[in-house]
Amino acid sequence: MEVPRRPQPSSFTLPLPKPSSSSSATMKEKDRDETFSSEEDANVFLDETNTSTHVRLSSQDSFSDEGKKKNTEEEEEEEKMKKTLEEEAADKERAAQRQLLAVEELVQSERNYLRLLQVSTVTIRSNLNKLQPPPAGLDNMFLFIEEVMDVSSRLLGLMDQKKPEDPLYLQSLCESFLSLSADIEASYKEYLSNYSNVTVLENSYKQKEMLWDDIVRVIKASAPEVNATSLTFFLVMPVQRIARYPLLLQTIQKHTDRQHPAYALLEHTAHTSIALNCRINEYKRFREVADKYKKTETLSMKDKMNRLNTHSIAKKTARLSQQIKHETGIKPKLVDEEFDALEGFFYVLEHGILQLLENVETYLLHLQGFLSCRTEDFDLDLDGEKAPICYKEISTALRQWILPTFEKRMRKMILLPLLSLKDLLLGPRNLIRKRLDKLLDYEMIETKTTLSYEEQGVVNTYRTMNTLLLSELPQFNSLALQLIWSLLGSFSCVQKDLASDMETLFLSFAQQLPKSSLSPSAFWEWAEVAVLDEARKLETLCRSVEETLNAPSSQPLSPSSQQRLQQLTERHGSEKIFQVSVCVVGGRDLDLSLARGELVGVISWADTRGDKRRWLVDAGGRRGYAPSSKLIRYHQASEAPPPSPHLTLPDGGAIRRHSYTPESLRLTVHSFQVLAAYDFTARGNHEVSMRAGEAVRVLEAKDKRGNPEWSLVEAGGGKRGYVPSNYLTMMPIGGSAGSHPLF
1057 MEVPRRPQPS
1067 SFTLPLPKPS
1077 SSSSATMKEK
1087 DRDETFSSEE
1097 DANVFLDETN
1107 TSTHVRLSSQ
1117 DSFSDEGKKK
1127 NTEEEEEEEK
1137 MKKTLEEEAA
1147 DKERAAQRQL
1157 LAVEELVQSE
1167 RNYLRLLQVS
1177 TVTIRSNLNK
1187 LQPPPAGLDN
1197 MFLFIEEVMD
1207 VSSRLLGLMD
1217 QKKPEDPLYL
1227 QSLCESFLSL
1237 SADIEASYKE
1247 YLSNYSNVTV
1257 LENSYKQKEM
1267 LWDDIVRVIK
1277 ASAPEVNATS
1287 LTFFLVMPVQ
1297 RIARYPLLLQ
1307 TIQKHTDRQH
1317 PAYALLEHTA
1327 HTSIALNCRI
1337 NEYKRFREVA
1347 DKYKKTETLS
1357 MKDKMNRLNT
1367 HSIAKKTARL
1377 SQQIKHETGI
1387 KPKLVDEEFD
1397 ALEGFFYVLE
1407 HGILQLLENV
1417 ETYLLHLQGF
1427 LSCRTEDFDL
1437 DLDGEKAPIC
1447 YKEISTALRQ
1457 WILPTFEKRM
1467 RKMILLPLLS
1477 LKDLLLGPRN
1487 LIRKRLDKLL
1497 DYEMIETKTT
1507 LSYEEQGVVN
1517 TYRTMNTLLL
1527 SELPQFNSLA
1537 LQLIWSLLGS
1547 FSCVQKDLAS
1557 DMETLFLSFA
1567 QQLPKSSLSP
1577 SAFWEWAEVA
1587 VLDEARKLET
1597 LCRSVEETLN
1607 APSSQPLSPS
1617 SQQRLQQLTE
1627 RHGSEKIFQV
1637 SVCVVGGRDL
1647 DLSLARGELV
1657 GVISWADTRG
1667 DKRRWLVDAG
1677 GRRGYAPSSK
1687 LIRYHQASEA
1697 PPPSPHLTLP
1707 DGGAIRRHSY
1717 TPESLRLTVH
1727 SFQVLAAYDF
1737 TARGNHEVSM
1747 RAGEAVRVLE
1757 AKDKRGNPEW
1767 SLVEAGGGKR
1777 GYVPSNYLTM
1787 MPIGGSAGSH
1797 PLF
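For the sequence shown, this note's numbering gives the first residue as 1057, with consecutive numbering after it.
Keep in mind that the hints were calculated from the coordinates and are not lab data. We treat Cβ as the ideally placed atom computed from N, Cα and C, and that holds for glycine. Please note that a few of the clues may not be correct.
Here are the simulated lysine to any residue pairs, SDA-like style, with alpha carbons at most 25 Å apart [said to hold, decoys possible]: (1) K1468 / W1541; (2) K1276 / L1172; (3) K1348 / T1288; (4) K1494 / S1476; (5) K1276 / V1256; (6) K1360 / K1372; (7) K1310 / Y1169; (8) K1348 / L1376; (9) K1571 / D1589; (10) K1632 / A1662; (11) K1464 / D1553; (12) K1490 / S1377; (13) K1468 / S1548; (14) K1490 / S1368; (15) K1381 / V1514; (16) K1371 / D1553; (17) K1219 / D1313; (18) K1310 / E1161; (19) K1387 / T1505; (20) K1758 / L1768.
Computed spacing ranges between beta-carbons, pair by pair [stated by the list, open to error]: (21) K1478 / L1157: 38 to 44 Å; (22) T1384 / R1485: 24 to 30 Å; (23) K1760 / T1737: 18 to 24 Å; (24) G1385 / C1334: 40 to 46 Å; (25) M1558 / K1478: 41 to 47 Å; (26) T1384 / L1236: 36 to 42 Å; (27) H1407 / Q1618: 55 to 61 Å; (28) R1300 / Q1153: 17 to 23 Å; (29) P1473 / G1400: 23 to 29 Å; (30) D1147 / P1317: 15 to 21 Å; (31) S1575 / K1758: 53 to 59 Å; (32) K1478 / D1359: 22 to 28 Å; (33) L1236 / Q1174: 14 to 20 Å; (34) D1479 / D1663: 40 to 46 Å.
Assemble the whole structure, with the sequences as input and the hints as a guide.
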């Protein structure tokens, strides 16, 4: 803007009057008259001149004031701008200071938090274990806390790599938290899910006054700098810490300029911490539902009856009705192919685990039976022979060192993990069963537009259980399958070690055995022949022992039994006469108690319900039921056989039929011989056949149970077996029947 210039003076001058002369006055008047034609013109001119001068002076003053005012405003604006810049710099400095304080608070609080956890886990826990006796379940109080301490220690180690004053520290802090976010979630979600059990266990300690006083005393002595009076003072810290991470990170974000290079990363870290807390809370809610429904209760019938009420009966009735509709096709069933596949695989896996466990238990049971049979302790009268000595040494080493070690490894490495896995199957199985119940409830209300509070709870419970199973069951199936393969691999390794130990043991004695010089093919050929030969000998021996030990299946009858037999035969016929093979004790009403060898007549081949395993029998006046498996058809061996035409009597003497005694044998051993009075056909391996008049040798005048009605004899051809004693007769030596030594 151009500055106005001062006005220039006019081209004419005003004459100044001189007061000394009158002529000059006249001249002046004359000149004035010439200059101005009239007085009025002069007045007008003067007024204009004065006005112009005044305007020029006024204009000059106004321009001067405007310049001064503008300069003042510019100075004020500069001062304001300077002041604003100073305030902004101060604000930035204060924000940076607050950011630094927030960062230091995060780091220092993490350090104090980790120190208190170490005090509780190391010092307090070790001192509590020194109590006599230690608190029950103390290890469960500190479950999963080691994982929390580990991830906290790693986070603190990453944050301490740089100082908080470093310009890149904020970026390093965010990267450290993000890199450990997965580990933080994994460790804290397990700890928080188990924290409810911690409080329950501590409440159980509080119920025992003396124990709780000792616990408080130990806590105060172990951490005097902290005014703590309970274990939960320390154990609740992880619950509080995981929720504090978002607050600390948001505080740092609040005091960080948006133009900061790490602001976007800091914002992402804060959002990650919030999402991490949400996932942990959701997992905790899932675990609470799972813990509620996976528990099994052993209730008596009375407890189950007490739980019945109108609500429970209506709910169970509705479920049954819904299931019937599904089975009959009235209403379609809600199908979830993904869950059905997981459920089917789980049941296949469960069957395999239980079958494997049963096989391992049977294997160990047979191994114990083998170890209990200590054949090397028997004296076989083979002293001096190398083979029996080597066998004894090998058997001793097997039973005292190799096989006990093998059994111990089997139990530790295979049986115990299988038992633990079997217990773990219980939870998923109960959840699957409960899901089916909740599914039936859900199907009945899913079509409703508006739901009550209880119905909404049913929907939420079903969806929670379904989501939990869909997320957790694949992991369980995968881990269980991996464990089974690992156990099978361990079993193979244990068997391989057993074979190696046995090979080492046998090789140490191989040079002392008689066939050790043979080639491998010749040795195996000899071993096969020897084993088969000894197996045949063993089989023959076992059969001989069994025939000797087994008593005859039917015994000759006493006079009272003969009378009962006659009565039962008249009532029911000979084809319905049975003999009791094993003593029977009646356990129910209408059941008979029968002695071994007692005769009965069958009235009905089944009981009133049609069960053919229980027969209605007549025991000679008493009638009742007896198990058919303990009755055998009676063979009337004691009946007098028809006379044999082959028996001749010396000197016209008559055959004497009686059951002789050992005393009579001793009296007549040198003057009589024993003959078969009648034909007898063996009915089993324990009996021997003989013909009337055949000479036999009596080995024992009774059976193994001391019954004198049967005798062990040796017939023609060297065959031995039992025959009825009343089928034998004694004849004088030298009679027409031939001679045969008695012994």
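Could you check the structure against the hints above and give me the numbers of any it violates, in ascending order? 4, 16, 21, 25, 26
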